[in-house]
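Asker: Protein chains in written order, with this note's numbering: chain C, 4 to 328; chain Y, 650 to 1100.
These aren't lab readings, by the way, just hints derived from the structure by calculation.
In this text, all values refer to a predicted model and were calculated from it rather than measured experimentally.
Where a beta carbon is used, it is the ideal one built from N, C-alpha and C, also for glycine.
Keep in mind that the hints are not guaranteed to be accurate.
[As the list claims (entries may be wrong)] Dumping the calculated EDC-like pairs for lysine to aspartate or glutamate here, alpha-carbon to alpha-carbon at most 20 Å:
id: 1; chain 1: Y; residue 1: LYS828; chain 2: C; residue 2: GLU242
id: 2; chain 1: Y; residue 1: LYS990; chain 2: C; residue 2: GLU113
id: 3; chain 1: Y; residue 1: LYS828; chain 2: Y; residue 2: GLU743
id: 4; chain 1: C; residue 1: LYS117; chain 2: C; residue 2: ASP172
id: 5; chain 1: Y; residue 1: LYS828; chain 2: Y; residue 2: GLU1021
[As the list claims (entries may be wrong)] Computed footprint of chain Y on chain C, listed as stretches where at least three residues anywhere in the stretch have a Cβ under 8 Å from a Cβ of chain Y:
id: 6; stretch: 66-78
id: 7; stretch: 277-288
[Claimed, not checked] Quick list of the computed label-pair ranges, beta carbon to beta carbon:
id: 8; chain 1: C; residue 1: ILE273; chain 2: Y; residue 2: ALA832; range: 36 to 46 Å
id: 9; chain 1: C; residue 1: PRO286; chain 2: Y; residue 2: PRO993; range: 32 to 42 Å
id: 10; chain 1: C; residue 1: VAL215; chain 2: Y; residue 2: ASP892; range: 47 to 57 Å
id: 11; chain 1: Y; residue 1: THR995; chain 2: C; residue 2: PRO153; range: 34 to 44 Å
id: 12; chain 1: C; residue 1: ASP289; chain 2: Y; residue 2: ALA790; range: 42 to 52 Å
id: 13; chain 1: Y; residue 1: GLU1020; chain 2: C; residue 2: ASN254; range: 32 to 42 Å
id: 14; chain 1: C; residue 1: GLU253; chain 2: Y; residue 2: SER1055; range: 19 to 29 Å
id: 15; chain 1: C; residue 1: LYS210; chain 2: Y; residue 2: GLY737; range: 32 to 42 Å
id: 16; chain 1: Y; residue 1: ARG835; chain 2: C; residue 2: ASN254; range: 14 to 24 Å
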Amino acid sequence: MTDLPAAAETNSLPKPAQPDLSPTENLAESSAHNLGEKNTGPSLAVAKFTSCDGCQLSLLNLEDHFLDLTRRFGIVEFPEASSLRHAGPYDILLIEGSISTPEQTELIQELRKKAKILVTIGACATTGGVQALRNWANHDEFRASIYPHPEFISDLATSTAIEDHVTVDFALPGCPIHPDQLLELLSAFRAGRRPQFTDEAVCAECKRRGTVCVIVAQGIPCLGPVTRAGCHAICPSYERGCYGCFGPKENANIDGFFTYLRETQGEAAIAQLFPAFTACATPFRDMLSVQNGRPVSVRVTSPNSNLPTTPIPPDSPNPNSPSQV
Amino acid sequence: MHKTNGAERSLDVSLITRVEGEGSLHLLVQEGKVAEARLSIFEAPRYFEKLVEGRTPQEVIDIVARICGICPVAYQMTAVQAFEDCFGIEVAPETRALRRLMYCGEWIESHALHLYMLQTPDFLGYPSAVAMAQDHRDLVANGLRVKKMGNTIIECIGGRAIHPVSLCVGGFTHLPSRKELDALRRELDAVIPLATDTLRWTGNLTAPPFTRETLFVSLFHPHEYPMNEGRIVSSGSGSHTIDLAPGAWADAFHEIQLEGTNALHARTMSGETYAVGPPARIALCGDQLHPEAHAGLSETGLREEIARNPHWGIAARAAEILHALCEARDIAESYRPPAEKAVPWTPRAGIAAWTTEAPRGTLYHRYLLDEEGKPRHATIIPPTSQNQGAIEHDLVESASGLLHLSDEKLTAELERLVRSYDPCISCATHFLAVTVEDTPSAKNTAPAQEQ
């Protein structure tokens, strides 16, 4: 595993390590292999698991900054954008996507060993993504209903976050991530400081943006009060409720929020809250399990937990899937 | 990677790069002849068709966007119109125009990504756009600017470029202001000359000398370049020609599953492979390009070549980028907000089926809805699933002429051919590594594709 230094004590970011961002010696050669122009910056790699490609596209979507980034980092591995491959090690590894196949459970262990700093980008890598909705379902039935030959398909019954498998150093939330957060992360790494992200709810962004509360003013069910900020409160400013794609805010008071909604909007309002894209993140997971009336079978670990040697076993028994092999 | 087995020849590349998603290609060579090409998609399944069951129309619109981070608008646009068709909703002409503007944004963003960042390095001999930027900085910088223009349009109408939030049954949750569209208009005026230059520049490129005949399928609309509406039509003549309503895709096509790939393949009812996407649209609807794009494409002299040689997809995309930019400018200029953001609606049980033209081609959705408008069953046919058969067919034909090449060069050429289709593997698994294998001649030498 990596030899990450101890956490800096002077700030309250949830992720533990103060990374050493100086390029490692053995990377001097790899930086010459940069996809871009000459640079002396740290090596950057992008890897993909189960996902829609949107979050790594966000790197290319930093259009105004992209060519500058290629000077400040050695982007040595980015298969979606370059035919040059690099087997590692990497100073910074951005990971998109969730773990949902037996091969991926092994590959993520290999990648962790190669990465000095491992960053999950987006809801799939950080929480399991929309495909984690199948963790509530009967996987065999899913396979059989879409594929005439389900036996040709080899994947796990669950979709899980990267941190359920290996230590994650930083996590960017969002479906998709916000380009500003990606830029802040990379800028901070280059400057050798910790990235600064706010720890507040979407509500705070609505207030700053001057958006009138859609719950109070229009009675629209909105997950904003319990969802992490970072998107700049897009949905309420587009006159609809937040659907929680940045995942739950730390210490979100779901019970208190539900009580308020129940009293002011009625029970039906709660049924309309569906954080589909971060469904497996606590406490959204518990909330949906109540709505779906059954527990989640996957072992979901607490944030920052370190389970490098114990991946989720393939096709772990699912109490809701009696036909599970 | 290289593997030799007696007189046999075997290549193995684990991941095709510069495409969206993950997959591999297997090529079977028997006695010096290419017998079969098989794309293997190892992008993991995500079961979207099951995830949308029992969800509300708005949840379906939000969920299907996540099939693809490159073309989320296409999925949302197809779903919303399927619901509206089933519920008997007709949106205001202004809403229709605004949706077309949003779709133009996605065509621009998606095509610019592929043209400047993924395919042009093949034509100029670089491993990536970033490496290409060392010698062709203006080209890459202009490409990024065109791409940003597409994203800016989507952000304006949908709140964000990836997985926008404003599309809803009946219209939009929120309408842009005149001021915002004026700003778009000014940016479009500045970007259009860049796209005009790019289209002209494609005329000076040299493509690999490969030609073939294929069946093309796209939407056709009598009054506009196809995007959100029209009939499903095909090339060819006589009784084989397809002409269907946008919800009737399943009358002419079906899906099959092949071993070793996580994506289903689409075929015509008679088992033919076919191609969708920019070359199909240029072949079937080229006369309906915006006059500026039509003139630009004529100037390149590549219009007929686009139908014969898949590598000229680059010119088709360049023409469509210019088309979408010009049309976006026209819509932004004449925009008037609809009387209401969204027309009121009531759900209805039935079949909700629709087809639109995603950046990569014809995209079909079909939902069996209950009385609350929630899907009981869903079928989604992305463009790349439909192109897989045509890509495999082209690989067999192309590889046959390239077997004299070294393993490394053959692999590079085949990857390049696959890339020319702009396959979106994330979509289709919902795609790609290269393996070339030579085996003894024991088996038959006919393409072993399921028909």
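Asker: Please go over all the hints and tell whether each is borne out by the structure.
Answerer: Taking the hints in turn, this is what the structure says about them:
1. Pair hint Y/LYS828 plus C/GLU242 holds up; C-alpha atoms about 19 Å apart against a cutoff of 20 Å.
2. Restraint check: the Cα-Cα separation between Y/LYS990 and C/GLU113 comes to about 50 Å, which exceeds 20 Å; the hinted pair is violated.
3. Proposed proximity of Y/LYS828 and Y/GLU743 is supported: the alpha carbons are some 16 Å apart, at most 20 Å.
4. Under the criterion of a C-alpha separation no larger than 20 Å, the hint pairing C/LYS117 with C/ASP172 is consistent with the structure, at around 13 Å.
5. Taken as a hint, the Y/LYS828 and Y/GLU1021 pair is broken in the structure, with Cα atoms around 38 Å apart against an allowance of 20 Å.
6. Look at the stretch 66-78 of chain C against chain Y: 6 of its residues bring a Cβ nearer than 8 Å to a Cβ of that chain, three or more, so the hint holds.
7. Counting residues of the stretch 277-288 of chain C whose C-beta sits closer than 8 Å to any C-beta of chain Y gives 3, which meets the bar of three, so the coverage hint holds.
8. At roughly 39 Å, the beta-carbon separation of C/ILE273 and Y/ALA832 lies within the given 36 to 46 Å, and the hint holds.
9. Take C/PRO286 and Y/PRO993: their Cβ atoms lie about 35 Å apart, and the range 32 to 42 Å holds.
10. Here the CB-CB span from C/VAL215 to Y/ASP892 is close to 50 Å, well matched to the stated 47 to 57 Å.
11. Separated by about 37 Å at the C-beta atoms, Y/THR995 and C/PRO153 satisfy the suggested range of 34 to 44 Å.
12. In this structure the hint that C/ASP289 and Y/ALA790 lie 42 to 52 Å apart at CB holds, the actual value being about 48 Å.
13. The supplied range of 32 to 42 Å is met by Y/GLU1020 and C/ASN254, whose beta-carbon atoms lie about 41 Å from each other.
14. A hinted range of 19 to 29 Å for the beta carbons of C/GLU253 and Y/SER1055 is inconsistent with their spacing of about 56 Å.
15. About 41 Å separates the C-beta atoms of C/LYS210 and Y/GLY737, a value consistent with the hinted range of 32 to 42 Å.
16. For the pair Y/ARG835 and C/ASN254, the beta carbons lie near 45 Å from each other, so the given range of 14 to 24 Å is not met.
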